[in-house]
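Asker: For reference, the chains in residue letters:
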Amino acid sequence: MKQFQGRVVTPGEVTAEALVTREGFNTLASFQMALQFGDKEVKCGDQNNHDLHGKPMIGKALCLPQTIGSTTGGLVLYCACAMQKNPACMLFANHIDSLAAAGAILADVWVDGVSMPVVDSLGDEFLDYVKDGMKITVKAGGVVEVE
Amino acid sequence: MILTKEQQAILDGEKGETLAKVMKTLVMYGDAFEAEKLVPVTSKYNHLVTSFGLKVMAPVYDLMQQLLDAGVASEQKFSVDPRPLDKNVPANILQKLVFNKFMYTKQGFYEEQLEKLGLMDKDAFSCTCYMDEVGNKPKKGDVLSWAESSAVVYANSVLGARCNRNSGIIDIMGSIVGYVPYFGLLTDEGRKATWIVKVQTKKKPEAQLLGSAIGMKVMEDVPYVIGLDEWIGTELDDAACAYLKDFGAATASNGAVGLYHIDNLTPEAKEMGKALIAEGAKEYIIDDAELERVQKSYPVVWKNPDATPKLCFVGCPHLSLEQLKDWTDKIEQALKQSGAKKVCIPTVFTAAPKVLEAFEKTEYAARLKATGVITSYICPLMYMNNPFCKKMPVITSSNKLRTYTSARYYTDGEILNAITKGGK
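Chains A and B supply the protein sequences, listed in that same order.
Numbers 377 to 523, taken from my numbering, label the letters of the first sequence in order.
Numbers -4 to 419, taken from my numbering, label the letters of the second sequence in order.
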């Protein structure tokens, strides 16, 4: 087990299975088809993301460097949360980008009954260490345990 | 973040619960970027990125309704990105079925919401809201709460306004409270260039290709471009602005650029010159071979890479009036050379409704129509989001459309050749 210290963007504590990408996460491309056509597993639809394409994202601890792509990204993430089709948490190696921050915050403030903790600035070492399927525990204060 | 008494009062709920939530959203957004304060939005108009009544986006329309029900609409009127549908754009029965029955079923409802929230007018649908004909052109130094990436990069770079690359919904929230968090591209420090890009091509670089190369290299950083003025001049005339519109959209979509400076051309570069370059800036040299390498690196995602194109889109971002005229001349000449009367691939040129209205008043409109080209106010990206359109071999000279859809990128010259001579 290894522990990483990040910064809390939106609060919460959760335990979930890791889903990891080392490429930028295109929020619109990843969620669009799954949300539009009611995919219960919310499989990643971004054909350019070699790590995630086709893998279920719902309920996972999504580990990523940052998000990329359309500035609709934030509202797409907000919609995923409002429809309860979101990852369990989002864990960023880098400082969070403005689109992901907006989506996470919109969900935190405007969606009742859904919690998606978001922690950023976990560092490159976090992404080097974490692998798909590892158990992730997000604790208060931006502490992330990986085992 | 330090708030003024007025801002704190809003956050504390003195002007109602809904406005307090809007303020909380902006404060948390600012905190995520260590913003020290909120600053007033000073532009005359706002611009929203969300223009589509996509069924799946129901939570967005619910949120908009909460704002309307609470009576917290913005004092700023706004323009919005292009509409997703236009019956003039070719679509088969299956595509139409998906558009109308599964995808954009909320379009009418959402447009009613937009009107109540403060839409400038019924034709204020374009990603190029800053065109003179549309009338949402910020002044230098204006602080904006915009989100459309191609408009943000244009406003920052060409107009000298100040705006971060915000997400949809954040755009309307900043406008409603009249404040945005002060960080990133709003600050002098955040507008300094951390990349020096040297353009050393032997011919005028294709705008959408140069922007793509720079975007993919610098990602969200600010580039200072040297050598481009040799090709597009030192004055922001119609041609230079159209070039920078297309260039900027490619930097913003192929990377995440929100601001660029062009040596001797864009307003801040003209004022401050190389003093805009941050210490330790990295360097990227672009020559013709580099542009060729970048173009060859684009994946072809068509099922059959040798398929004959079934549709061509030009105008993402929307074309300017001068671009429409210029294309008309070029297509006529090329058709004359090939001995044909009409384009051989169904071709759609997209522009803002007000730009198309102005174009219709010129003698060019009838000439372009005679070549078979269709004009539309549509957003090609929203057309391509239809799964049945995705499967179709579509060509475009937009690097933004290429990035987000299955459309294949050709340079303007290659597009001209393809639609008039059937070549590649």
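Since the hints were derived computationally from the structure, they do not count as laboratory data.
It should be emphasised that the depicted structure is a prediction, and the values quoted were computed from it without experimental measurement.
The reader is advised that the hints may include incorrect statements.
[Unchecked claim] Quick list of simulated restraints, FRET-style, between CB atoms:
no.: 1; chain 1: B; residue 1: 300; chain 2: A; residue 2: 429; range: 11 to 21 Å
no.: 2; chain 1: A; residue 1: 426; chain 2: B; residue 2: 82; range: 56 to 66 Å
no.: 3; chain 1: A; residue 1: 413; chain 2: B; residue 2: 337; range: 32 to 42 Å
no.: 4; chain 1: B; residue 1: 65; chain 2: A; residue 2: 523; range: 40 to 50 Å
no.: 5; chain 1: B; residue 1: 412; chain 2: A; residue 2: 501; range: 23 to 33 Å
no.: 6; chain 1: A; residue 1: 505; chain 2: B; residue 2: 417; range: 52 to 62 Å
no.: 7; chain 1: A; residue 1: 491; chain 2: B; residue 2: 61; range: 18 to 28 Å
[As the list claims (entries may be wrong)] As a list, the in silico DSSO-like pairs of lysine-lysine whose alpha-carbon atoms are at most 27 Å apart:
no.: 8; chain 1: A; residue 1: 416; chain 2: B; residue 2: 16
no.: 9; chain 1: A; residue 1: 515; chain 2: B; residue 2: 16
no.: 10; chain 1: B; residue 1: 16; chain 2: A; residue 2: 507
[What the hints assert, rightly or not] Where chain B lies over chain A, by a calculated footprint (3+ residues, C-beta under 8 Å):
no.: 11; region: 442 to 452
no.: 12; region: 455 to 461
no.: 13; region: 468 to 479
no.: 14; region: 483 to 495
no.: 15; region: 499 to 506
All C-beta atoms in this analysis are idealised placements derived from N, C-alpha and C, irrespective of residue type, glycine included.
Asker: Could you run down the list of hints and mark each one as holding or not?
Answerer: Structure-based check of all given hints:
1. A beta carbon spacing of about 20 Å between residue 300/B and residue 429/A agrees with the range 11 to 21 Å that was offered as a hint.
2. The supplied range of 56 to 66 Å is broken by residue 426/A and residue 82/B, whose beta-carbon atoms lie about 39 Å from each other.
3. Between residue 413/A and residue 337/B the CB atoms are about 37 Å apart, so this pair conforms to the stated range of 32 to 42 Å.
4. For residue 65/B and residue 523/A, the hinted distance range of 40 to 50 Å is satisfied, since their beta carbons lie about 45 Å from each other.
5. Checked against the given bound of 23 to 33 Å, the beta carbons of residue 412/B and residue 501/A, roughly 51 Å apart, lie outside it.
6. For the pair residue 505/A and residue 417/B, the supplied restraint of 52 to 62 Å holds, since their beta-carbon distance comes to about 54 Å.
7. With their beta carbons about 20 Å apart, residue 491/A and residue 61/B fall inside the hinted range of 18 to 28 Å.
8. Restraint check for residue 416/A and residue 16/B: the C-alpha separation of about 30 Å exceeds 27 Å, so the hint is violated.
9. In summary, the hint linking residue 515/A to residue 16/B is supported, as the alpha carbons are separated by about 26 Å, within the 27 Å threshold.
10. As the CA atoms of residue 16/B and residue 507/A are separated by approximately 37 Å, the hinted pair breaks the 27 Å bound.
11. Counting residues of the region 442 to 452 of chain A whose CB lies closer than 8 Å to any CB of chain B gives 8, which reaches the minimum of 3, so the coverage claim holds.
12. Only residues whose C-beta sits within less than 8 Å of a C-beta in chain B count toward coverage, and the region 455 to 461 of chain A has 3 of them, enough to reach three; the restraint holds.
13. Interface restraint, the region 468 to 479 of chain A with chain B: holds (7 residues with C-beta to C-beta distance below 8 Å; minimum three).
14. With a cut-off of 8 Å between beta carbons, the region 483 to 495 of chain A has 4 residues touching chain B; three or more are needed, and the interface restraint holds.
15. Coverage of a stretch by a chain is defined here by at least three residues with a beta carbon nearer than 8 Å to that chain's beta carbons; for the region 499 to 506 of chain A and chain B the count is 0, and the condition is violated.
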